[in-house]
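Here the protein sequences come in this chain order: C and A. Quick note: the first sequence, position 186, residue 186 per my numbering, numbers continuous. Quick note: the second sequence, position 76, residue 76 per my numbering, numbers continuous.
The hints are simulated quantities; they were obtained by calculation from the structure and are not laboratory data. It is possible that part of the hints are untrue.
Below, a sample of chain A positions facing chain C; criterion: calculated Cβ distance under 10 angstroms [unchecked claim]:
| hint | residue |
| --- | --- |
| 1 | 17 |
| 2 | 57 |
| 3 | 70 |
| 4 | 74 |
| 5 | 121 |
| 6 | 170 |
Some residues of chain C that are not near chain A, with every Cβ distance over 12 angstroms (derived) [stated by the list, open to error]:
| hint | residue |
| --- | --- |
| 7 | 16 |
| 8 | 67 |
| 9 | 251 |
Covered stretches of chain A (in silico footprint by chain C; criterion: 3 or more residues with CB under 8 angstroms from a CB of chain C, positions within the stretch not fixed) [said to hold, decoys possible]:
| hint | region |
| --- | --- |
| 10 | 129 to 140 |
| 11 | 151 to 157 |
We put the beta carbon where it would ideally sit given N, CA and C, even for glycine.
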Amino acid sequence: MNDRHADIEDLLVRRATEGLSADEADRLQTLLDKHGYAGIDDYELAAAAAANAFALSASRDTEDAPQHLKDKLKADAERYFADDTVVDLPIRRRGFEPGWAVAAMLALALLVTVLVDPGDEVVSPIDARSELLAATGTETLPWAPPEDPRYARVTGDVVWNDERQEGYLRLAGMPVNDPAESQYQLWVVDPDRDSNPVDGGVFDIPTGTGDVIVPIMAKLSVDDPVAFAITREKPGGVVVSAGPLLVVASAG
Amino acid sequence: MTTTLQRIAAGDQHAVSECIETYSGLVWSLSRRFLSNEADAEEAVQEIFMELWERAATYDPAKAGEATFVSMLARRRLIDRRRKLDREPLSEPLDEMEPALSEDGQRVLEASAETQRVVDVLKTLKPEQQEVINMSSWLGMSHGAIAKETGIPLGTVKSYMTRGLTKIRDALGEPARADRTST
Numbered sequence: 001m002n003d004r005h006a007d008i009e010d011l012l013v014r015r016a017t018e019g020l021s022a023d024e025a026d027r028l029q030t031l032l033d034k035h036g037y038a039g040i041d042d043y044e045l046a047a048a049a050a051a052n053a054f055a056l057s058a059s060r061d062t063e064d065a066p067q068h069l070k071d072k073l074k075a076d077a078e079r080y081f082a083d084d085t086v087v088d089l090p091i092r093r094r095g096f097e098p099g100w101a102v103a104a105m106l107a108l109a110l111l112v113t114v115l116v117d118p119g120d121e122v123v124s125p126i127d128a129r130s131e132l133l134a135a136t137g138t139e140t141l142p143w144a145p146p147e148d149p150r151y152a153r154v155t156g157d158v159v160w161n162d163e164r165q166e167g168y169l170r171l172a173g174m175p176v177n178d179p180a181e182s183q184y185q186l187w188v189v190d191p192d193r194d195s196n197p198v199d200g201g202v203f204d205i206p207t208g209t210g211d212v213i214v215p216i217m218a219k220l221s222v223d224d225p226v227a228f229a230i231t232r233e234k235p236g237g238v239v240v241s242a243g244p245l246l247v248v249a250s251a252g
Numbered sequence: 001m002t003t004t005l006q007r008i009a010a011g012d013q014h015a016v017s018e019c020i021e022t023y024s025g026l027v028w029s030l031s032r033r034f035l036s037n038e039a040d041a042e043e044a045v046q047e048i049f050m051e052l053w054e055r056a057a058t059y060d061p062a063k064a065g066e067a068t069f070v071s072m073l074a075r076r077r078l079i080d081r082r083r084k085l086d087r088e089p090l091s092e093p094l095d096e097m098e099p100a101l102s103e104d105g106q107r108v109l110e111a112s113a114e115t116q117r118v119v120d121v122l123k124t125l126k127p128e129q130q131e132v133i134n135m136s137s138w139l140g141m142s143h144g145a146i147a148k149e150t151g152i153p154l155g156t157v158k159s160y161m162t163r164g165l166t167k168i169r170d171a172l173g174e175p176a177r178a179d180r181t182s183t
């Protein structure tokens, strides 16, 4: 075995057993591109087969996966095989207050049109976002590359229109949350209005979602937002967040 | 014989439920061992099954048994997830952790000549080498953590791992192909 072959095998074994850093993965790819290797999955299959052998010997007192998890898997599968590649998530509010009237009405309108009323013209958040994009004064802010590695794959943007006080988040690659444990919360930063960010509502990312369009439900009017940020909070959200800011889109 | 994943790829909806019943215990069991947090483990199981649906059509019975393919996808994602979380998994002895194979899952593994062959290969290894493979493949521990836990030098851990997996890889080779379509 030559040195290159040995290097490749060493990296493949490590990939199969404890994973590779980004640098190591790049190095492996370079070596594979240059020298080739038959059976690049073989060590991963061997480790998996070993895991199954140990699983079998450990299964004396058989216990299944929790039923609620199986139910989730079946629901996920139903969604997946229903061929929905884009999911609209109506945002949920923590409650209704007079100042929220416009936003709440918009939320209800979206809920009704998307989920309840199949007979009338349906304006889903996807269509509403497209319409807003075409409107005068609409800005598009891409999400900055997140620093937290768990959110490193998040992409998308925020579209916002000051005059219409309307906006939408587009998110891809956002990790799934368990609403019983935590929910995502949007914050709108508008220094001209307040030093504290404005609550933009809470939302969930269910398993199996692709691109997600989330309507922004700013609790207060925002005149000139300079940034939008997402935090992960307790179910229902919080009044003031202690952070960290997981995903941020800012103007300029 | 058509496997469950091949039926899923062909659009058989019944095969989806069958797949969940058969493999959710195995995937759950792996996830609980690789990830110390139960919520993380559940989330990982959901992601793994989504990937399974996406990759059902890529399963090749000539390369490995179906259970091995499922475990490979699961381990790959769990390793990736654990690296991102930067956490070591639980390291309790196996007997102290809850087993988690469904009857269907256990039946599939018991009926798999491939798994039996790997069990036989593992028996030919020195006890400490078996332990290293166990801690890595089944418990999801890093090489460094295994060295620390067992007192075996890191270089020896790596050497045990490479030689053991090479033997198993060879056992998954040509003579095994006949039974693979049945698992």
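Results for each hint:
no., hint, result
1, 17, "holds, 7 angstroms"
2, 57, "violated, 13 angstroms"
3, 70, "holds, 8 angstroms"
4, 74, "holds, 8 angstroms"
5, 121, "holds, 8 angstroms"
6, 170, "holds, 9 angstroms"
7, 16, "violated, 7 angstroms"
8, 67, "violated, 10 angstroms"
9, 251, "holds, 29 angstroms"
10, 129 to 140, "holds (count 5)"
11, 151 to 157, "violated (count 0)"
In the structure shown, a violation is registered for the earlier hints numbered 2, 7, 8, 11, in ascending order.
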